[in-house]
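Visitor: Residue numbers (our numbering): 329 to 501.
Keep in mind the hints are simulated off the structure, nothing from the lab.
No experiment lies behind these values; they were computed from the predicted model shown.
Treat the hints with care, since some could be wrong.
Subject to a maximum C-alpha distance of 27 Å in a straight line, what follows is the list of computed DSSO-like cross-link-like pairs (lysine-lysine) [as the list claims (entries may be wrong)]:
1) K495 <-> K384
2) K495 <-> K344
3) K344 <-> K384
DEER-style ranges, computed between Cβ atoms [what the hints assert, rightly or not]:
4) T347 <-> N377: 19 to 29 Å
5) T378 <-> K344: 26 to 36 Å
6) K495 <-> N377: 30 to 40 Å
7) T347 <-> K495: 29 to 39 Å
8) K495 <-> S351: 32 to 42 Å
9) L382 <-> T347: 15 to 25 Å
10) Y348 <-> A380: 11 to 21 Å
11) D376 <-> Y348: 17 to 27 Å
12) K495 <-> T378: 14 to 24 Å
Don't be surprised by glycine CBs; every beta carbon is placed ideally from N, CA and C.
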Amino acid sequence: MIKVNIRYPDYSEPLKRITYVDSNENLLREEFIESDGNLALSIMYEYDNTDALLSKSLFIGPDPILGFYQEFIRFDNFGFRIEDYLVEGEAHQKISIMQGSYGDLNSNSKSVWFDSSGNEIYSATLSIGKIEYKDTSGKIIESVPEFLKDKFPKYLSFDLFLDEYLKKLREKY
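Start from the sequences, fold in the hints, and give me the full structure.
Guide: Here it is, written out as structure tokens:
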């Protein structure tokens, strides 16, 4: 049995929030609906057979932070991003599972973008102090020293990402 709860917006929250829970009261999914009826954000929760949380996934679209039309992000049970899919119009671009960890800033993390046919478009490598974008030949397209210090930590974890995302949505109203 799945129970559905709907919370309508109050003065501090412009979004209608719908939650789905199972018979064990495990939260299965949360949906945040904008006043125009569009789905702003959906959060899905995955559990193992002992009801321990395995992962949380966000489905976003349109995204006021990143500018992509839709995005699917999966976080592990510690709240760190482990997978990212971008959907833009007809093209389904996939970012591979991260090599290294977004949670461990002492190691390199690499993400790779693919087109809908599975061909690599470009990659990004995160290391201390900079992020480098490279094309398929390995040539550096862009190196952004300030990116890690200035913007990236906001999106390292599920909680920080969600807080920042909801803040951006509230600013729209």
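Visitor: Output the numbers, in ascending order, of every earlier hint that fails for this structure.
Guide: Checked against the structure, the hints that fail are numbers 7 and 12, while the rest are satisfied.
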